[in-house]
Amino acid sequence: MRRLAEGEAVFDRADVIVIGGGATGVGVLWDLVLRGFDVVLVEQAGLASGTSGAFHGLLHSGGRYAGTDPETAAGCLAENRILKSVARSFIRETGGLFVRLEEDPEDWEERWLEGCRRAGLSPVPVRRDEVLDLEPHLTSTVLKAYRVPDAAVDGFGLLWSLVWSSVAAGARVYLRARVTGFLTDEDGVRGVEVVGLGGTEERAAAVTEGRFPQAEPGEITAEVVVNATGPWAQETAALACPAAAASVPLGHDKGVMLIFNSRLVSHVVNRLRPPADGDILVPHGPVTILGTTSGNVPGPGRLLPEPEEVALLLCEGRALLPDIDRVPPLRAYAGVRPLLKEAVDHTDPGAGRGGGRGFLLVDHGETDGLPGLVTVLGGKFTTFRAMAAETGDLVCRLVGRPARCRTAEVGVPRLGSPVPRPPAAPVSRAPLTTGAERAAHGRERPDLADSLVCECEFVSSSRLVSLLDAGLALSDARRLCRLGMGGCQGIFCTQRLAGALFGAGWPGDTAQPRTDREAVRAETDAFRRGRLTGVAAVQWGGQARLSALAAALERLTFGRPGREGEEKVR
Amino acid sequence: MRAVGRGAPRVVDYDVVVIGSGLAGLVAAAAAAAAGARVGVVAESFGGLAMWSGLVSGKAPAGDEELDAVRFFIEFGVRCGLEYGGCGGSRGAEGEAAREGMEVLSSSGRPVRCLLAPETVWAGDLRNWASSGMQADDGGLLVVGFTELEDYPAAVIAGQAAAETGVRTAHRTVSLGRAAGRGLGVRIAGLFDDPAWFEGFLEASRRLLGREARRFRAVALPPVLGLFRFRSNLEALRENLGTAVFELPAVPPSLPGMRFWHLWRWRLEADGRTTFHLGRRVVEADTHGDRCLAVSDGLTVYRAAAFVLATGGVAGRGLEVPPEAFFRLSKPTGALRPGQAPGGGPARPGERSVPVEPIFGLETCGRRTDWLSWGVRVQDSSRPCPTGGPANVFVAGWQLGGPEPDALLSITTGWQAGRAAADCREEGTQ
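Keeping their order, the protein sequence lines are chains A and B. The opening position of the first sequence corresponds to residue 1 in this note's numbering, with each subsequent residue numbered one higher. The opening position of the second sequence corresponds to residue 1 in this note's numbering, with each subsequent residue numbered one higher.
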């Protein structure tokens, strides 16, 4: 924490600074922009690179929580309805089924129905033969089924759309920039110190045109700072003072998900039993996600799915889909739920999902004598808008500038549509990067001979390069256009990716050719390594075959050292 | 033995039946036929050869047996019309050539070390280049790509090659015209096999590259210069461009491997000792005591004195890895609750979980290396262990697994298995 000198030059100034580019932070950004505030968002990595990039993409109807926590269920249901109306293009209305199998407890069904009633959710019973018509892969041991309004949501696309809309309204979003400390004056917290992170992704330091300075920390000042860093919330609060960290009751709960390379169900399928491991199936485009596990972890560090966690998921998945072994697994991934501490303090390791999906708003001015710092904690993707709305209300009170929340009314533009300028927004300060807008529109660079980089997901080289031109890092562009997310997991597209980057003169024409080559190589190697971490825990069936083929190709055809070889070199 | 369909199954007799026609299967068939056996090859298709860049990699052959295998491979290749050689294409003292090895560029732009390479890449041996002390104005490498072939980014290859080897490089991408369509090397190779089209390409290449190409020491082209006419095409391009020309190994589907399959198969059939049964998948084996009497694809029963199992590894679909096998190998599943061990539950009636083992129920083992690697456990001379198994079944190629299977493994074990199987026939007749 550093005291701000009077008249000190700053890199940027705004009404509010939001730390964290996950669903919560971006939600707060959008909420405040619609209320007419001038907002800056700072994110240490890429957009949705933490919890929001590693959930199962399920828009809850509340059914999941009806049996344990009808209040949370009611909150989910309300948000489910609002998001379906304002963010329609990012939601697939698959509908959801709750199915009770022969081995599932009967008394739970009654308790669940009672919870649903209290939450305002009315599950529609489905006949047993009708269920098997709807979902032919489901086990024949289904006894009862109910229909609920669950849906699949494209969290990544939704967050990018919110960011682009906010940027269009004048907000600034700095990616790959880490907050290293808070700035204070006699009135409390007045801003943050930020360093841009170097490395090959430096190019994408900001979505706006202003690049963040690399070596020296830059100062951003504001009246209020919102800490929306999810699993990093305690760490971030600790930069202000230890007391602030102590007021953040955060627990970490690891969840592992498994993706199958096939659309096995057409509805979201939940098991009608007390929430446990591996009892949700969510269809997304051509794949199905099976989730999730739950287990306490000490912190948000780099988490990998372990084979035993995957084994557990698969084992439970078999109960719902008996033929699941024959479906090629695509990859497994892990995320960390930032939960309120009381929810994970139980001895039962699975308690992370038991309850506590609520959220908490900490005004550090009240708790620690640090006015101007707010931490928003807990919650879930489905309720991110509601969390942002309450945070926005608090910010309005703190600043003393009342404004109404409008996120439940203003539609989120689909990617590729003209970005509307909210009327209440102040005159834009940093001009919108036309590149970003064009990339969002899917328009392509006409000077490049177009070719397909990724055959699994149909990503053309000009689409990819236009995203990179717009200032996105490769990892962001990859997630947005789904490069390398299909069946081959980078085996064949890594080579074409290198070709596309070279063909575009990337990264930048001013760099020396030698730097180019090394940057391209570093990026493509990192891309491939990233894909490899996800497949390491699913080495059976079709994925084992692909991996064996990839290993042979890399060693025998491409002359790339295997992972063992790399270690030897080091 | 049960046969699908009506009536009695067709029965055919051979001395040796080779199951699989990838690299190991073809070498085994050739070795058995060379030893005088009548050979039947039962296979689905060309197996892993569609993925093979054509390079023979591995540890330098040690011992007389491996050298004999390599010598046999080189000599038979000459008869097939697809020559293999070591350093710079020299056949050296026959098998000895493989001891020196070669270093060739690949389509990643990085050099790959190999022992033997097909004739189409000989001019690209980087070790020859380094030794000649090339100067910047003296030669260099021109990487030519085709617009229609997206998996061969000439700019990347040239850039990486310059960084990795210090050789001066340039790149040029030319279009093959509308006839080429988009993307598939196999289709482009079909054009190069058409003499009339190739005439036109020669014309165009002289116009587009002619003056420039002469200033380079060599021109690297994608490995699609014809499935059959590659030798004459390369010769014509060499004359036309006035410099050395070679093919650069690239991603699958891979022409060099398909060339190999077609030419070896044609030679084996023409020699009159080998019959190919293609599009067949062996699903059953008839064993009696320590001998296998016959295998069946459900329609035809193949009887023989000995069998070579060359169905490929995990990559070639010769082995399936069920989840249980993976979890068993990866970690003790201590996190599981009792009674929940994966695979712990019995399979449903009438359903057989796919074992890692292939049709003979041989013992397999997995290793955790760079990747999980699976293979059939063998004792000496490709004979599977434990010794209780069938004594006239020999295993070859990537079915054997090993931490890093390579093409040399397929050649040496294919040769061993083919000869051992042919020897069984003599034992049987005595």
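There could be a bad hint or two in this list.
Pairwise CB distance ranges, derived in the manner of DEER restraints [stated by the list, open to error]:
no.: 1; chain 1: A; residue 1: 285; chain 2: B; residue 2: 207; range: 42 to 48 Å
no.: 2; chain 1: A; residue 1: 285; chain 2: B; residue 2: 11; range: 55 to 61 Å
no.: 3; chain 1: B; residue 1: 45; chain 2: A; residue 2: 133; range: 47 to 53 Å
no.: 4; chain 1: B; residue 1: 184; chain 2: A; residue 2: 89; range: 56 to 62 Å
no.: 5; chain 1: B; residue 1: 253; chain 2: A; residue 2: 102; range: 57 to 63 Å
no.: 6; chain 1: B; residue 1: 45; chain 2: A; residue 2: 522; range: 34 to 40 Å
no.: 7; chain 1: B; residue 1: 303; chain 2: A; residue 2: 522; range: 55 to 61 Å
no.: 8; chain 1: B; residue 1: 214; chain 2: A; residue 2: 89; range: 34 to 40 Å
These aren't lab readings, by the way, just hints derived from the structure by calculation. Note that CB positions come from ideal geometry on N, CA and C, so glycine has one too.
*Hint by hint, which ones does this structure get wrong, listed from lowest number up?*
Numbers 2, 3, 4, 5 and 8 - these are the hints that the structure violates, sorted from lowest upward.
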